[in-house]
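Residue numbers (my numbering), protein chains in the order written: chain R, 3 to 504; chain V, 1493 to 1663.
It is possible that part of the hints are untrue.
[Claimed, not checked] Simulated restraints, written as ranges between beta carbons of each label pair: (1) R/D131 - V/D1563: 47 to 53 Å; (2) V/G1504 - R/K330: 40 to 46 Å; (3) V/D1604 - R/A267: 29 to 35 Å; (4) R/E201 - V/D1563: 51 to 57 Å; (5) V/L1494 - R/E137: 55 to 61 Å; (6) V/G1623 - R/A8: 41 to 47 Å; (7) V/A1601 - R/P138: 16 to 22 Å.
Keep in mind the hints are simulated off the structure, nothing from the lab.
Every residue, glycine too, gets a C-beta built ideally from N, C-alpha and C.
The primary structure of each chain is shown beneath.
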Amino acid sequence: MLDHLASIGTPAGNHRPFPRFDLDRDAWAGLITTLAEKTDWSLVGLWADTALVHMALREDLAGTVAVVSLTCPEGRFPSVGGVRPSAIRLERAAQDLFGLMAESLVDPRPWLDHDSWPIRLPLSADPPDPLGNPEPYPFLPIEGAGLHQIPVGPVHAGIIEPGHFRFTCNGETVVRLEQRLGYVHKGTEWLMGGRSIGEVAKLAARVSGDSTVAHSLAFARAVEAATGSAVPERAVWLRALMAELERLANHIGDIGAICNDAAFAYMLAECGLLREKILRAADACFGHRLMMDRVVPGGVAVDLPDAGRDTLESLLAEIRATFPGLVKTYDEKASLQDRTVATGRVGPELVRRFGAGGHVGRASGRVLDARRDPGHAPYDDLEFEVPVFHEGDVNARVWVRIKEVEASLGLIDQILERLPAGPIRASLNATAGQGMALVESFRGEIMTWVEVREDGVVTRCHPRDPSWFQWPLLEAAIEGNIVADFPLCNKSFNCSYSGHDL
Amino acid sequence: MLKTIARNLMRGPRTMTGPGPAEAGVEELASRLDRAARTRLGRSLSIREVDAGSCNGCELEIHALNNVVYDLERFGLRFVASPRHADVLLVTGPVTGNMRDALFRTWDATPDPKWVVAVGGCALDGGLFKGSYGIVGGVAAVIPVDLHIPGCPPRPIDLLSGLVALVEAAK
Ligand code: SF4
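Could you build the full structure based on these sequences and the hints that come with them?
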């Protein structure tokens, strides 16, 4: 892939750690044709800047990652959505935020812009006034005998984030689900531009609260790459410790919540208790239950206190004593299995086309994990399994989580055993540059791209949550299932609204 | 599973002792509630949670209130699925422009007497998202707020004492 990109573009300097190539319009259009053939080159991200569009690609087998960029002074670029459907919503977002038109985009409807902002195209050079008198959002038309629609949201029945789901059903069976998202769009990317690295780090920690450690880590690593700054050894290990604790808490919480959506409250009670214990241990060790603002550019903000090791060791012992019994219960209860097995299937081909990762990808045979591909310290020095299943149903997504809980327990053991001594934070180099990082959150791969100035001001930051590539697959997963199974499917995906809407 | 349940029964509950009502909260609330409303509500309140633009961190801690350690329901508080069944709206997040109408309509659908509790730094004044084109400000920019529970996110124990203060005020 790299050779091909080098042959069609010019290498750009100052982009780390992956290469970036500037393309001209013909080369970009040519690359789209190439992408149609090279099915193993997956889309990692697509984001805009003023009069500029970037696209990150990965050659799945080789693990090579690269970015290509196209300057579009006319505000238009050839759409990638036709060959990589995962790009469609990203392109719609680029249209809404920057006013960059993706030519022949298959679905050009607005996405994040619900006609409620005081300006339009907020991230463009010269944002125009709102249109006023907004048209109602054009949902996809439905035709056919016996069909009816169920609109749900944005305010849902549970304690969850807002979004709109429009179900088209035939009797009990869902014929089509159409999502409308963007309700929690806070203008995060706009706020991130022109602020200091420290301020932007706080915003990055709040892209999606449940993956605050992972998003902070992705931002920190992207900034460190951009400025060529080194991080103290101990900080690198502490970061991994926090990331694994976050993964444990979320996976265990999710397993309980999925079972609860199958009306099996016992699992929720037991998993909820374990999750609470993990959060309390995190609080005792790092001073915040979710470990928000603990990973910072240059290292970590707090050190593990002396008593922390004991706290974590007894936590691990407790999880090891309880969790296997819960797994056994899950696996042996016919009433649970009846709900989760064969429900909400996503085929491997769809997962590949959307480049979905995390439990959604790994339950359908796509084995990528950013801790291993491309990998980063300290994981390249640690032993862990990346589980993969092939059934693609709710049950498989539960099993990916179960196996990842086990893997994280092993990782925390190794980290505690080998945690090096030394400083936990270093100052960043005052260098300008562009940087990118791939970090595995509990949900899947986060890609964060930043551009920083010499004076430590972030000029552009784009955090791409894994949910972008998972939400569209939920629409596919529910097709042909009954309406009552939607909560179960939705929870087994557990996509982030905030991480997606930004 | 049965073994665990039996053991749990023998061991007794894992629920922690509840906190007292947040001092400031009781006064703040009691002064706003008229006697009629107090008699009508008694000691039990139904809560409807509304995420008006949060990062989902606040939701995680609100969720925790339902776990066996905090066990919200023993205080006469429970989460309900519809605003029509609610006495209290628990609102998180800076209110985004895209959620403004939905929040207002949820509040409008909640029968009187009702309270609004704003949860987290964002819900107070927009928090870190202040100044963005995407938000309209804190919850009070759209609906009247009776109580604010600070934190980013507030710990479950702080949420609990704030809500207990509500029940106390209603007594
Ligand atoms: S207060 Fe903090 S945790 Fe709560 S929504 Fe705002 S940023 Fe997230």
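Legend entry - Range hint 51 to 57 Å (beta carbons of R/E201 and V/D1563) holds or violated: violated (38 Å)
Inset, instruction - For the range 47 to 53 Å, tell me whether the beta carbons of R/D131 and V/D1563 fit it or not. - result: Roughly 51 Å apart at Cβ, these two residues keep to the hinted range, so it holds.
Inset, instruction - For V/L1494 and R/E137, compare the CB-CB distance with the range 55 to 61 Å and indicate the outcome. - result: holds (58 Å)
Legend entry - Range hint 16 to 22 Å (beta carbons of V/A1601 and R/P138) holds or violated: Between V/A1601 and R/P138, where Cβ atoms are some 21 Å apart, the hint holds.
Inset, instruction - Hint says 29 to 35 Å; check whether the CB-CB distance for V/D1604 and R/A267 agrees. - result: Given range 29 to 35 Å: holds, Cβ gap about 33 Å.
Inset, instruction - Look at the Cβ atoms of V/G1504 and R/K330 and judge whether their distance stays inside 40 to 46 Å. - result: Given a distance of about 24 Å, which is not inside 40 to 46 Å, the answer is violated.
Inset, instruction - Evaluate the given range 41 to 47 Å for the C-beta pair formed by V/G1623 and R/A8. - result: With a Cβ separation near 42 Å, V/G1623 and R/A8 satisfy 41 to 47 Å, so the hint holds.
Hints 2 and 4, counting from the list given before, are not met by this structure.
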